[in-house]
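Listed below are the residues making up each chain.
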Amino acid sequence: MSDPRVAGAGVTKFGKHPERTGRDLFAEAGLEALDDSGVDPDDVDSLYYGNFMGELAEHQGHQGPLMAEAIGLDAPATRFEAACASAGAAVRGAVQALRNGEADVIVVGGAERMTNIGTAAATDALAIAADDLYEVRAGMTFPGAYALMARSYFDQYGGSHEDLAHIAVKNHEHALVNDHAQIQKEITVEDALEAPTIASPLGLYDSCPITDGAAAAVLTSESYAEAHDLDAPIAVTGTGQGGDNLALHDRPHLAQTPAADKAAAEAYADAGVGADDVDVAEVHDCFTIAEVLAIESLGLYERGEGIAAATNGETDRHGEMPVNLSGGLKAKGHPVGATGVAQLATITWLLDGSHPRADAVTDGTVGVAHNAGGTVASTTVHVLEVAE
Amino acid sequence: MTDQAPDGQYDAWLDAIADGEGHYAECANGHGWLPPRRVCPTCGSRELAEKPLPDAGEVVTHTTITVPTPQFEDDAPYVTAIADFGPVSITGIVRGVDPEAVEIGTMVGIEVGERVTTGDRLVVFSPR
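Those protein sequence lines, which keep their order, are chains A and B. Here the first sequence is numbered in the working numbering, starting from 50 and rising by one per residue. Here the second sequence is numbered in the working numbering, starting from 186 and rising by one per residue.
Watch out, some of these pointers could steer you wrong.
Only pairs whose alpha carbons sit at most 25 Å apart, straight line, appear in this in silico DMTMM-like list of lysine to aspartate or glutamate [unchecked claim]: (1) A:Lys62 to A:Asp326; (2) A:Lys65 to B:Glu258; (3) B:Lys236 to A:Asp181.
No wet-lab data here; the hints were simulated from the structure.
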């Protein structure tokens with residue numbers, strides 16, 4: 050089976066842009082991706098677009114065709130919604146369509162406008178990714194949901210808030226040279242531990258910020274890339290998606306994410322690689338504990354061992370298994386519908402040497418992107434490899 | 186209080202808890218779920234029976250939320266917990282105890298309370 054190539058990518062500066070519309074954000078990222086790819090926009094077969102809270106934040110549904118128009122495409126466009134994994138689901142759809150020969154060129158992307166509605170309304174909008182009847186009406190917020198998982202993790206496997214603080218410190222440090230990142234500010238473990246609590250045991254620095262931003266990539270079939278002599282050395286070689294019960298209380302384990310286990314197993318098998326082959330990972334660290342759950346589901350760490358990885362320096366840019374060299378959602382920011390494609394762009398740039406943190410993986414050939422929706426009731430995992 | 190139509194079996198479930206007749210749905214293979222359900226997600230059984238909810242559950246995890254959604258603005262800080270009632274687990278707000286005193290293993294009963302902010306009904310756990 051041929052593997053789709055990443056022909057180009059574009060990402061806006063992530064951050065607070067309350068006055069910028071979603072269409073303007075996506076136009077910036079999408080046009081950058083098209084220009085970077087060298088692909089004629091007339092050759093684009095489809096736009097696969099991720100967005101989560103457009104109805105609540107901008108009173109704008111049906112964003113697919115709006116966003117195609119925004120980047121000058123006369124092509125069918127479909128919005129993918131899988132909460133914070135919306136863009137990862139869009140990537141998966143595009144990879145499948147390119148592989149089965151339905152298309153030769155697909156623009157994948159996503160955008161989210163969040164800061165214009167303020168923290169309380171954004172917290173409310175994010176909460177609807179949980180079970181409205183049984184979780185949201187019991188006061189659940191997303192920091193609250195991950196706090197429930199964090200406390201369960203500590204109870205089952207050990208670890209402490211200080212271990213989580215090391216994850217925040219690491220990801221902030223990684224973001225210092227990433228000009229796309231929302232937060233380029235070094236913090237200490239003490240800063241993280243002394244920050245205001247949002248949902249115990251998680252504090253301000255355990256949580257990703259509320260972010261506006263967009264990301265896009267141009268994916269092509271292998272044959273199209275060859276026929277058009279594109280500079281596209283990175284291939285998407287594996288795709289996987291897993292699901293789980295929507296409500297946390299319906300799951301047998303509160304400190305594991307089986308949807309991500311399934312997605313990772315499927316993606317690795319698809320690519321013909323194993324966790325031992327992975328050189329670099331971008332994972333969905335919407336909260337510090339989420340990075341722990343992710344690296345364990347990806348098989349990079351055994352259950353219960355991921356909590357100490359950052360404390361031990363293993364997942365920082367000097368470590369054996371660098372995780373979230375972009376700064377992750379924690380410091381790069383998390384415009385939810387764009388995150389999965391921003392991860393794809395990051396891994397592409399890390400593997401082709403053009404990312405400012407690429408020196409952490411100079412000989413790297415295999416990267417994974419892990420994008421989680423809700424309390425990991427939806428997860429996509431993609432494997433990217435250097436093909437040329 | 187929100188002015189909208191009741192949510193079918195969910196509101197009926199709250200009514201039952203308020204009347205001391207809390208229940209859950211159990212499939213032919215003994216898997217428990219909260220209503221409404223037409224099929225067991227674990228085994229696919231469509232033979233679901235209404236069973237009485239155990240009197241007490243055990244807190245398996247909890248958090249004190251200080252940054253709420255607008256619907257809980259005047260409730261914060263409050264404790265949201267998941268309690269294991271045997272065949273089912275339920276998410277609710279723990280009241281009647283100092284938040285600092287809530288621990289994994291705390292035994293709680295279930296009742297229906299009101300949200301301070303909006304007056305809407307919600308599941309409340311009280312220590313037993």
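Results of checking the hints against the structure:
no.: 1; hint: A:Lys62 to A:Asp326; verdict: violated (31 Å)
no.: 2; hint: A:Lys65 to B:Glu258; verdict: holds (24 Å)
no.: 3; hint: B:Lys236 to A:Asp181; verdict: holds (23 Å)
The structure is inconsistent with hint 1 alone, although it conforms to all the rest.
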